[in-house]
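Protein chains in written order, with this note's numbering: chain A, 1 to 251; chain Y, 252 to 761.
Everything labelled a hint here was simulated from the structure, so no lab data went into it.
Every residue gets a Cβ at the ideal spot worked out from N, C-alpha and C, and that includes glycine.
Be a bit skeptical, because a hint or two may be false.
As the list claims (entries may be wrong) - Here are some, though not all, of the chain A residues that point toward chain Y, as calculated from beta-carbon distances under 7 Å:
1) A50
2) E56
3) L70
4) M72
5) G81
6) A104
7) Q108
8) R112
9) L139
10) L140
11) G150
Claimed, not checked - Residues from chain A that keep clear of chain Y, each with C-beta distances beyond 12 Å, as calculated:
12) T103
13) P143
14) R208
15) G231
16) Y243
These are the residues of each chain, in order.
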Amino acid sequence: MLSIQNLHANLVEEDKAILKGVNLEIHSGEVHAIMGPNGSGKSTLSYILAGRDGYEVKAGKVLLEGQELLEMEPEERAALGFFLAFQYPVEIPGVGNMTFLRTALNAQRKMRGEDAISAADFLRLAREKAKHLGIGDELLKRPVNYGFSGGEKKRNEILQMAVLEPRMCILDETDSGLDVDAMRQVAAGVNNLRGKERAILLITHYQRLLDHIEPDHVHIMADGQIVESGGPELALKIEEKGYGFMSGEAN
Amino acid sequence: MFHLNNSVDVKPREGVDHQTIETVKNVGSHYRHGWETEIEMEYAPKGLNEEIVRLISSKNDEPEWLTEWRCAAYHRWTELKEPNWAMVNYPRINYQDQYYYAQPKSFEQKPKSLDEVDPKLLETYEKLGIPLREQMVLAGVEGAGESPADGRKVAVDAVFDSVSVGTTFQEELRRAGVVFCSMSEAVKTHPELVRRYLGSVVPMTDNYFAGLNSAVFSDGSFVYVPPGVHCPMELSTYFRINAKDTGQFERTLIIVDQGAKVSYLEGCTAPQRDTSQLHAAVVELVALEDAEIKYSTVQNWFPGDENGKGGIYNFVTKRADCRGDRSKVMWTQVETGSAVTWKYPSCILRGAGSHGEFYSIAITNNHQQADTGTKMIHLGQNSRSRIVSKGISAGVAQNTYRGLVSVHPKAKNCRNYTQCDSLLIGDKCGAHTVPYIELRNHASRVEHEATTSKVDDDQLFYCRQRGLGEEEAVALVVNGFCREVLQALPMEFAMEAQQLVAISLEGSVG
Ligand SMILES: Nc1ncnc2c1ncn2[C@@H]1O[C@H](COP(=O)(O)OP(=O)(O)OP(=O)(O)O)[C@@H](O)[C@H]1O
Ligand SMILES: [Mg+2]
């Protein structure tokens, strides 16, 4: 599904290297988790994959279903099924949450040569998905993320993911800021999307999320590289011992 | 190229609407009203002098008082100076190198019914795509005047170059006692009203452009709503400049009597030309006791090309006189077109407890310049005003909000709230806010808030990650920025306006 090969990237403004040779293979049907100290480059990796401006790829390549991801516009990546749940979801004042999501869905469908979904069908779909995530009608009507609480924003990201049905999902710290119930609902939402056709990459600091969504593989990122990979037990080890037990470069 | 069908939240209605949307969708990066209709025109000779003024008056078959009024205006105009305080730059206009009167040849004899209207003219309105069902009415389609399912109607007066081509729903309006016709007709059918109110809100000496208009105005719309009548439908005028080198000087007069109510919409377009054209209109509104007027404009005159060539110079004087106690006037404008806009729809809040509102979206892209805003003159006690202005600049455009809030010493307990937000797209454009506040008593309160922000890259990236193209993302974010004003528009115009926002920002990113 997603193949990241020796990815090196700099911040354009500071000419500072952030990613220093990331390698990662994710196959469809799998759930991966990336953990790692603050500032190790996890969000940067997800932004570069999504096509955000401000980074310069120095070396390496990324394939999504065999296609060169880094050469596409962000919206083309989205239409191809790439989705990023943001660590800090963005507020868009004045634009209704539902208008936004329907516009996005129809834009993707259009790029894929599919027919637009009608307003009525869309509303039914969105309401249904929202219910499972504990998102009320009131939140659907408000402007996108505008004045939402931290937890509401995270839920809204998962709602978007559930409606857009992407194939490659990256969730950047979707668990932080969630209360216990929200955590359960969000995890259920993610588990619902688990399937043969789809791959999920969780970026997280806590075992707590992984208790609910059991990953197939866990990776540790440190200083712009994946320094260790393993099964779910690796996450438990980190939870217990911190990153200190690993070789010096992890710190 | 971007697609609009997903970016609007207003559900298109049946019929012509879909065609309108199609038209809008297919415009690409071009001004969509840039075509020209080939109709044989009759012109008055170029230039301006008393002879021309008299000619215009006689073409309209006007009574002597009006001819003399025009001539007086002409002579006063020759003594007035073109204003230069606005933050706009344009080459000197040669007022002697313009036509001041143009009318389609087939109009030598004015048509008695729409059947007699040149089909080319009606085609023009069809191409405009703006009039929805009403355009069928204009075209005389049988049954088109029946009540639509949602019970909303719009009566349309269409003004093509200088001449009104027809007004719809006449019969139904007449039954309600509402007068809605062209100005030239009103001069004949309601001379007492015209004579009493014409120039009573915007005097002929008010300013250079108003003076010019008073001398040469050709046609426009007239509305009178009698006491207690709530006009049963929206009234609307579509203005179209077609003829070359011809200034357009329409004149609108709306009088709403005690306790009466009306909502009026105005739409404007012009062909794409590489020479600039002058538009100097005057709109006068009179609201008597407890009267309510809602005046909405979607201005989409040709803005000039990407290099700043051509486009309409829009110098317009719009003013409302809230004469009666508790009268209320609400101006809403969406200004997307014109090369240069100079326009300050204002309210004179004379009546006690009278109420003025101004909602504005002004978008400037490429080389467009807009200096627009409002004046709220509080003369009556307890009068209220509210100003919400959203200015958007892209390209190398300049956008200025200029607003005056004045509270007279005797106007106690007045309130004004002003909110001015500017949004910049790119870093070569400019936004300016120039508020003038004259507060002359302590029992009144004036509040002013202003913000300037850049279109946020994170917002655009967020939209694009979800699948929106770059221009679609900008249109969505900007529409969100303008929401408060868009919501103040009547339904019919809200969708049109959202699409205009998108169109006028084309090419502003990337
Ligand atoms: N715009 C920027 N300007 C300067 N430094 C930046 C910028 N963006 C990222 N960085 C730096 O790049 C490094 C990686 O940041 P990144 O956000 O990817 O870390 P992270 O692994 O997601 O951390 P966290 O766990 O705290 O979310 C950090 O040192 C950060 O300060
Ligand atoms: Mg991060």
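Which numbered hints turn out to be false for this structure? 2, 3, 4, 5, 8, 9, 10, 11, 12, 13
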